[in-house]
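**Q** Below are the chains, spelled out letter by letter.
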Amino acid sequence: MARDLEQYLRPGIGVTTFCPGCGEAILMGLILRAIDELHLDMDEMLFVSGIGCAAWIPSPHFNADTLHTLHGRAIAFATGAKMANPKLKVMVISGDGDLADIGGNHLIHAARRNIDLTVVCANNMNYGMTGGQVCSTTPLGASTMTTHQGNPYRPFDLCKLVKAAGAVYTARYSVTQPFALMNSIKKALQTQGFSFVEALTPCPTQFGRRNQLDTPTQMLKFLMDKCIMKEDAEGLSPEELKDKIITGEFIDEGD
Amino acid sequence: MGWEKQRSMIPPGDYYFSGDEAIAEGAIAARCGYFAGYPITPATEILERISIRFREVGAVFMQMEDEIAAICSCLGASWAGAKAMTVTAGPGFSLMQEAIGYAVMTETPVVVVDAQRTGPSTGQATRVASGDIMQAKWGSHGGNEIIAISPWSVQELYDQTINAFNLAERYRVPVIILAEEATAHLRERMHVGEEVELFRREKKAGAAPFGTEESNGVPPMPAFGEGEKLLVTGSTHDERGVRKTVDSLVQERLVTRLRNKIINNKERIIQYESYYLEDAEVVVVCYGFTARSSLFAVEHLRQEGEKVGMLRLKTLWPFADEVIKDIGLKARKILVPEMNLGQIVGEVMKYASCEIIPYNQMNGEIIHPHTIIEKLRENL
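In order, the protein sequences belong to chains U and A.
Under my numbering, the first sequence is numbered contiguously, ending at residue 255.
Under my numbering, the second sequence is numbered contiguously, ending at residue 1380.
These aren't lab readings, by the way, just hints derived from the structure by calculation.
None of the values given here were measured: they were computed from a predicted structure.
Hints should not be assumed to be uniformly reliable.
Reference listing, derived: stretches of chain A covered by chain U, where coverage requires no fewer than 3 residues with Cβ under 8 Å from a Cβ of chain U [what the hints assert, rightly or not]:
id, stretch
1, 1056-1066
2, 1096-1109
3, 1226-1233
4, 1258-1272
Computed spacing ranges between beta-carbons, pair by pair [to be verified]:
id, chain 1, residue 1, chain 2, residue 2, range
5, A, E1365, U, R154, 46 to 54 Å
6, A, A1208, U, G14, 19 to 27 Å
7, U, R209, A, S1235, 54 to 62 Å
8, U, Q133, A, F1296, 52 to 60 Å
9, U, R112, A, E1378, 58 to 66 Å
10, A, P1120, U, R154, 34 to 42 Å
11, U, R209, A, G1346, 48 to 56 Å
All C-beta atoms in this analysis are idealised placements derived from N, C-alpha and C, irrespective of residue type, glycine included.
Using the sequences provided together with the hints, build the complete structure.
**A** Next up, the structure:
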């Protein structure tokens, strides 16, 4: 991480808990860079997370108020904190399993209420911390510790889900698209109301090794091949888009 | 900081409130700043009254998507500096258990009202029981010290709601009001005084928020947005909140203090009332609505010259072990009537050395005074 971002890190926290090749340290850097470029005051920010690898991005690393909560409940805690003290700039950073599986109900209801929160969902397509089980964002057919024959179910399109529930701003980028991802985090932080950024992030340790993507390089290349910008996807047939993940901003005209 | 007197939020005088209304007004008197709930019988009227009254007093009301969200948002609000409360009944109380454990571990003040109805499961939603006494203590995994209160009247639902906030803020612990359908829906006269005594959260800039020098101490509690750069986590943590997931000493030190700050202060926390205990040979140990029937029964038999007495437990957790021990040494028998299949009677058996007679009724009806008179007569 660039030296100028060190001011945002909690003193005394020497090493991260992320595995080699994990994309969440990249995401952590991009979030801090977005905060830095917007000149936000960390003393006015609150970072809320649930349980899982991504929940450890803000807690303990960020030198600000952090609330590391129960599995799935980060958005509910964040809602209470924001409503009790609207001056707080509240950002939820957690994983896909946490926010969309066990916490899916809170996700859609906070979007519906249009609570002024920024939610960054690190999507590594499986439960990383517990050893790589299937989750609601695991691609169809992918092998995990609980889908040895391949995942029989379709994944959520989280941006579609959250947008349909009423989010003002939704975007999806991969950590292999760092500038676009950082800019979307900046936009989300500047949005009044419920904003949601899905950050695709490689998990070679748990997801990759069960899907012939054992090394960090293979995992990154997989994401680079799979992700296609929304603009480039226009005009492509469903067949051509079958294995692609469309990235970009998903907001209605006029919003 | 600490204790202060504040004006009551409604004009002093007599009111004809239901128990649920009294709880809502008690929360307002205690300066509750954030309320979240989810509709459930027989606690719904608290939610409804607060939805109107909180607008008038400028506090935040949220109806959440479920009871889990309700209590979790309260914990977030509590750390944002507000006094927070949620209300529920059996099924919702079950859903809240994990978050109650989180509140214990993170020392987050919160008041939880459980208006008890018959169970298990959906049971009979509009009928009375006291089936959640053990759940209040042991419902969340890992073993918790919490505070639980059992009011017996509309007046006490008002007074004890204020007391619950004071205890929650003073000891940084979830406080559970074990109301009952019979008192929640009961309408009777209650009095509001000129002033209420409230405990304001202790603050000390820069102090460790999760540790004290004394092994039974309660650390000061800062709020988000005060520049303290707080680390709050339900994982085992040191006095600064830094996660320590494999350190045995930190785990032991933390859980010991979480227990001691309640148990070693139990004389200050526990409240009870005794009636005719001086020469009583048979003593009724009771709580909640059942204490109303019991008092009628005891006074009736006293008029006939029978040596009966009564102990009413206002605080159920921590348990009033010492007074029970004393009664066990003096009385011949203790009768424990309960609207469940035997919960507090087990605690009485732990501490009293005399003969213990349980009386359990869980048919959705209150225990009638004549039933208690009959049970006492059988044991005189």
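**Q** All hints, please: hold or fail.
**A** Hint check results:
no.	hint	verdict
1	1056-1066	holds (count 5)
2	1096-1109	holds (count 3)
3	1226-1233	holds (count 7)
4	1258-1272	violated (count 0)
5	E1365(A) - R154(U): 46 to 54 Å	holds (52 Å)
6	A1208(A) - G14(U): 19 to 27 Å	holds (21 Å)
7	R209(U) - S1235(A): 54 to 62 Å	violated (27 Å)
8	Q133(U) - F1296(A): 52 to 60 Å	holds (58 Å)
9	R112(U) - E1378(A): 58 to 66 Å	holds (59 Å)
10	P1120(A) - R154(U): 34 to 42 Å	holds (37 Å)
11	R209(U) - G1346(A): 48 to 56 Å	holds (51 Å)
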